[in-house]
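Novice: Each chain is listed here by its residues.
Number of protein chains: 4
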Amino acid sequence: MKAELMTEIADIEMEGHLIDSQMLTRVLDKIMDMGGEFEIKTFRIGEKKNDTSYVQITVTGEDSAHLDRILRELNALGARLLEMEDAKTEIAPGDMVVPRGFYSTTNHPTYVRYHGAWVEVVSNHMDCLIVLHDGKAVCTPIGHIKKGDRVVIGTTGVKVVPPERPREKSFFGFMSNEVSSERPSGELVRQLACEIIRTKNGGGKIAVVCGPALVHTGAAPSLAKLIREGYVDVLLAGNAVAVHDIERQLFGTSLGMNCSGNAISGGHRNHLYAISEIMASGSIKKAIEEGKLKGGIMYEAITRGIDFILAGSIRDDGPLPEVITDTVKAKDAMGRVLQGVDMTIMLGTMLHSIAVGNLLPSYVKTICVDINPSTVTKLMDRGSAQAIGLVTDIGIFLPQLAEEIQKQKKEIIRAA
Amino acid sequence: MKAELMTEIADIEMEGHLIDSQMLTRVLDKIMDMGGEFEIKTFRIGEKKNDTSYVQITVTGEDSAHLDRILRELNALGARLLEMEDAKTEIAPGDMVVPRGFYSTTNHPTYVRYHGAWVEVVSNHMDCLIVLHDGKAVCTPIGHIKKGDRVVIGTTGVKVVPPERPREKSFFGFMSNEVSSERPSGELVRQLACEIIRTKNGGGKIAVVCGPALVHTGAAPSLAKLIREGYVDVLLAGNAVAVHDIERQLFGTSLGMNCSGNAISGGHRNHLYAISEIMASGSIKKAIEEGKLKGGIMYEAITRGIDFILAGSIRDDGPLPEVITDTVKAKDAMGRVLQGVDMTIMLGTMLHSIAVGNLLPSYVKTICVDINPSTVTKLMDRGSAQAIGLVTDIGIFLPQLAEEIQKQKKEIIRAA
Amino acid sequence: MKAELMTEIADIEMEGHLIDSQMLTRVLDKIMDMGGEFEIKTFRIGEKKNDTSYVQITVTGEDSAHLDRILRELNALGARLLEMEDAKTEIAPGDMVVPRGFYSTTNHPTYVRYHGAWVEVVSNHMDCLIVLHDGKAVCTPIGHIKKGDRVVIGTTGVKVVPPERPREKSFFGFMSNEVSSERPSGELVRQLACEIIRTKNGGGKIAVVCGPALVHTGAAPSLAKLIREGYVDVLLAGNAVAVHDIERQLFGTSLGMNCSGNAISGGHRNHLYAISEIMASGSIKKAIEEGKLKGGIMYEAITRGIDFILAGSIRDDGPLPEVITDTVKAKDAMGRVLQGVDMTIMLGTMLHSIAVGNLLPSYVKTICVDINPSTVTKLMDRGSAQAIGLVTDIGIFLPQLAEEIQKQKKEIIRAA
Amino acid sequence: MKAELMTEIADIEMEGHLIDSQMLTRVLDKIMDMGGEFEIKTFRIGEKKNDTSYVQITVTGEDSAHLDRILRELNALGARLLEMEDAKTEIAPGDMVVPRGFYSTTNHPTYVRYHGAWVEVVSNHMDCLIVLHDGKAVCTPIGHIKKGDRVVIGTTGVKVVPPERPREKSFFGFMSNEVSSERPSGELVRQLACEIIRTKNGGGKIAVVCGPALVHTGAAPSLAKLIREGYVDVLLAGNAVAVHDIERQLFGTSLGMNCSGNAISGGHRNHLYAISEIMASGSIKKAIEEGKLKGGIMYEAITRGIDFILAGSIRDDGPLPEVITDTVKAKDAMGRVLQGVDMTIMLGTMLHSIAVGNLLPSYVKTICVDINPSTVTKLMDRGSAQAIGLVTDIGIFLPQLAEEIQKQKKEIIRAA
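Chains as they are written, first to last, in full-length UniProt numbering: chain A, 1 to 416; chain B, 1 to 416; chain C, 1 to 416; chain D, 1 to 416.
The set of hints was computed from the structure by calculation and includes no laboratory data.
Don't take every hint at face value.
[Said to hold, decoys possible] Just the calculated beta-carbon pair ranges, DEER-fashion:
1) H115/B to E411/A: 56 to 64 angstroms
2) P93/D to I412/B: 50 to 58 angstroms
3) K407/A to S64/C: 55 to 63 angstroms
4) N201/B to G340/A: 54 to 62 angstroms
5) K88/C to Q339/D: 42 to 50 angstroms
6) G135/C to G340/A: 53 to 61 angstroms
7) E13/B to G203/A: 20 to 28 angstroms
8) E164/A to I9/B: 24 to 32 angstroms
9) K49/C to Q339/D: 38 to 46 angstroms
10) R100/C to I9/D: 50 to 58 angstroms
11) G204/D to T58/C: 35 to 43 angstroms
12) E411/A to N50/B: 52 to 60 angstroms
[Unchecked claim] Covered stretches of chain D, going by a simulated chain B footprint (3 or more residues, C-beta under 8 angstroms):
13) 136 to 144
14) 270 to 277
15) 353 to 367
16) 393 to 402
Glycine included, every Cβ here is placed at the ideal spot set by N, Cα and C.
Between the sequences and the hints, there should be enough to build the whole structure, so can you do that?
Specialist: Next comes the structure, spelled out in structure tokens:
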């Protein structure tokens, strides 16, 4: 009975390591979950490890709207319509007003068919729209949609390439995002050190995202060292990290807690003094030029000239002059400096980790280190499925990581 | 070069919903992870939703030992050798001493080829051995292996049937074991209530596993009610749950905390008085017969005659006479009463949840409710992959579940 | 030997419920922790429950700087110098630049001696400076310090009144800020409901601070109801709460998750559609006027005309027009609407809870409800020592709270 | 009106550092919390840091039962009745049956007045009874009460000595049991290393309590080293720790996870092989004698001859011959080896930590290291208020601690 009503069908195709990357599994699961039917028309399985597979599937939906909903989901999983057509567009009727049926981006590399050719979407990241302009397809957050923008709608002519399982096992494995705290921590330090060195040796770009716990737990000197030695290309943090770091440099305390972790007398005043000292100079940069600030995370970041963004929050004291207090501008600036990043290390911050995760493509190696497993869980719940979670104590972890990097580096030099 | 060294090969086969249940994905992943090679010889894909697939794969290992390690892993994932041979056995050389190469069980239904026929393994659960005796294949923990037992070795003649993805979406979904706390809790209560009623209406057996937090958070009356109304067939807990429950009945406190959550005067003494009162009667059962104990979890469990096991732990005061203080005996007893259970609800206990998870086949619907996400994570880390995690507060959750069950029950009666 | 070097002494005095409010304990502890010496000169103990005590103590420091550090700490604990002198001030040398030795505020009520009289500090909250102007003493965050401001320095002429232990036990007890999840949740719901009704009946003002988990877990309708019925006077949240709430109203989903907690097809698009719909109207307010938005948290807040602040964050999509994207302005706005609040209920948000905690005087009853115990721990670590922590699931907790309030309200009406 | 009904009064006295150790605060708070009244009769305050204080208080209860309840609580806080009388006793009417009004012990040093003299209670720990026999007062768990035992009832003639605040700040501070994860971890490692060396240099006895996470996270070699070098006098664990440790020694894996944290092929079989190998030898001890087991935690513990208890649990495989499977016997054995212990280090186990906490006097320095803050919270909730919590990753923490101890030791030797 029900079957008779099902009249809308569409043919999709997909290729790649369909089996072991779970691409086919997910496509079939999604169809079933959404109440559709499927028939596999063609299937060529990759016979050996490095062969890719190819599949054609006829998908049946209850009606055109149902089929459309299914196709949108399958598109995000890497399937595309068999017929090649150009992407369809509509004009945004107002600033931040989107046309019905707009295409919502994933965080995977995406291509749009435009005048018969596949054009890669620029700066693609999750939950945005695609705007076509001058032969370019640009990933655009809703906040930047302007009246008159030509926005891609539907899934016709849009191709998504989900990450495939690497042929060999690696630290940043495939879908191996464990949140368990019961892993051999020392060994994970060694592997991560190795990945960092490999990334830098290969000319890669590494971003570090961190929260104030980094300073409280005593890991600030290790991060400063990693920056000084060139392992960090982009630093993303908030006002608190900068103030705590400067406070430590100027007064030896972090939020009035000295290096033995005891709240010390007049503690919070040092926090305010740190801000005041920077204000008296005019900025962190000027305080460094004046010789007032002589070390620490911000000193190394500015001295070395790496990109850094300090984003404002409603918990800030001050804030410091370098802080971008407008959250829209801060988010945009973060997106800009994250361009071309190959690896992101998130250290003890839920807010900034999720914000950065939203801005990253899925192929960026992402590791989230936090003593609170829910930071990692939430990061992945919000779509950064590529993230690896390390539930550990950054206060001990980061110093050991810095030491291990140095050790491995020496061995490499010795071996060469 | 390397390929030349690879001389050992074997042909395996597998059938079922290979794609959407991820069975094929896992087999290929495992071969690659372990450094083996594969070639897919035959592949018949199930074209429609209810069709099964079939695959034959030639697996290549570096040498015989390597191939053997790979085959063991593939066996646990549902693949079996193409040639049909009887299972191989060896004799256990001593009590609790196992023969080299013994077959270690999974928690999936398992069959052993014995005199040319497939025999289902009795009481199968994870991390045990299979002993053949009198034409029966019995899942046997290492602690019960006796000198002279005929133990299955290797994977020849052993077939494992991993769970398949249900064709429709259900509460106890497939691999949907979320640990996130950000799910609509009220809706989850409704769904679980529905599953409980359905299980009982279908003649199913439900086990409840609980820790003392159940009593501390005020959920004991709700569990007592569920037992009284017949929704619980098996109760697994420790001495603490029983004493706290009895203390509440006799003195209105749980570990000296009254119903407003305040530690009350002389609190812990009530805990000891509760033990003392039961000892004066001789047992919980006798205290009920004497009319001393008139309500609560233990009262309902004993009055209704359901199976219950109170397992001892090193934190116990007393303990009560019904407590099995020997942990080996307690575990055996738990295994016995869990036979035939269809659904297990774990409430606020890590120790008992993991212990019960070890004893359950993978097809038993398992839900683990705890405010601490690490309880669920650890349960799944230890192999109970079928468990669904609900990160919530049992003190509010269970009362609402009991209420919802009653409500749904009434609606069913009204509708009938 | 050492004693000879100790030449700097000062006499302090303190009165109140010194013993049971731990005021004297803390003063003596602090002196010892900081390496000072003390001699109690006068001590009049309150003999009965309602009598206050009085103490005079001679404090000895190693030198004048050491003594000064000790006196600052003792001042924050409620002790003041015996000699009555006017507060000392210095002029701020630049915008956001503070004079040496500035007085850093606590979150307790504070008085400044000015022309011989004690003047209460206006809008006092933690980690700010006191600016004297036109006979008024105004608590001023460092970010608002202007060149030329007359800033209080040192502790001379500054009196702090720490909270005293209530003479009877109450829900918002004294220093009873438990973070344990093992409390009878149902009873806590009843007590909190009672406190809310009592506060509102006494003409008090209640602020609710919430994060997006409120909507995800299904508690939004309960908060909307509490606002509609007049139990909420101030609402503090971010863009996400508003968008999720509006998305639920317009599309029945929250971040693409429907009421059964399943990610639904095209889910995140609804999130963007929700923003788009509001943008098309121009603002949330206009969308309500147009009849587009007919219910939910934001609808009730705007319809009822309560104060609300939506503060921007770097995780925002959009954001909505009502969101204050500049974090400095948002924080100021939050401070303004929190004036005169008697009770604050924090629901599932670490960022906003700590931000609000920073802005609240210590006498505001504060309850922080979160499934993650670290939210509460951090809130208290950062100085909001008056906060009570409830580790529970807001998705079940808030609906039950709303129901309980209604029930108690009915009983009160019936009794009247 | 109400006052007239209050007729029952008693005079109590207390001495010590009443103010700064919060003893007086707690006594007055408790009276008020319980609805009693008080009048301070005599109060001599310790004028200088090392002087003790003395107080006499008249306590008024509503009736004799109310007063009695108050006095019991005050007794546990260190107050005693002014009149000196011998402790009162009653005879236990049956095995594990307690006389009404029995005295329930605290974990503080306790003295019983017996024939006019104060006798210290032997092996005193929390939640037990005091049995008088042959001039000795013995702390006796309810499980060991025998018919005919002479049990102390009421608080007459019972004196408790709560811990006092140390005159100087120390690592094991007074009531400083923080659970926050935001402390400088490296510094805490240094301080703890220092305390361990100081304890051992002073001839003290150190117990280590650990769970299987110790082995999983890769910290086992560090514990083995600490045992070998004589820093551990007592080891308390379960079957799992021993099997995992032996498995690592024999097969290089822990529960089938190799040193890179990946589940390896046939992993759990190694766990069972480890048990089998020990069973083939007869015991761990014999396996060492045979040269089968050559390193690791158990090897060092047995070789060095320290006291160790392996307590059984319902999660055990095997268990190993050295495991005490009866929980009552295991708990007794734990109590015996903990006699005279000065410091206890709890590593990654909730069950064993709480069990050990129950058996320890309050003056034993106790540090609980766990990545899960709820382990520490629960430990303290259950009365081990002296415990310090360190929320960190034992996989990195313990290796660093072992290294730091060695470093400090060398410095001491060099300095000498």
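Novice: Hint by hint, note whether the structure agrees.
Specialist: Quick rundown of the hints versus the structure:
{"no.": "1", "hint": "H115/B to E411/A: 56 to 64 angstroms", "in the structure": "59 angstroms, holds"}
{"no.": "2", "hint": "P93/D to I412/B: 50 to 58 angstroms", "in the structure": "52 angstroms, holds"}
{"no.": "3", "hint": "K407/A to S64/C: 55 to 63 angstroms", "in the structure": "49 angstroms, violated"}
{"no.": "4", "hint": "N201/B to G340/A: 54 to 62 angstroms", "in the structure": "59 angstroms, holds"}
{"no.": "5", "hint": "K88/C to Q339/D: 42 to 50 angstroms", "in the structure": "59 angstroms, violated"}
{"no.": "6", "hint": "G135/C to G340/A: 53 to 61 angstroms", "in the structure": "59 angstroms, holds"}
{"no.": "7", "hint": "E13/B to G203/A: 20 to 28 angstroms", "in the structure": "47 angstroms, violated"}
{"no.": "8", "hint": "E164/A to I9/B: 24 to 32 angstroms", "in the structure": "26 angstroms, holds"}
{"no.": "9", "hint": "K49/C to Q339/D: 38 to 46 angstroms", "in the structure": "43 angstroms, holds"}
{"no.": "10", "hint": "R100/C to I9/D: 50 to 58 angstroms", "in the structure": "57 angstroms, holds"}
{"no.": "11", "hint": "G204/D to T58/C: 35 to 43 angstroms", "in the structure": "38 angstroms, holds"}
{"no.": "12", "hint": "E411/A to N50/B: 52 to 60 angstroms", "in the structure": "57 angstroms, holds"}
{"no.": "13", "hint": "136 to 144", "in the structure": "holds (count 3)"}
{"no.": "14", "hint": "270 to 277", "in the structure": "holds (count 5)"}
{"no.": "15", "hint": "353 to 367", "in the structure": "holds (count 3)"}
{"no.": "16", "hint": "393 to 402", "in the structure": "violated (count 0)"}
Of the numbered hints stated above, those contradicted by the structure are hints 3, 5, 7, 16, listed in ascending order.
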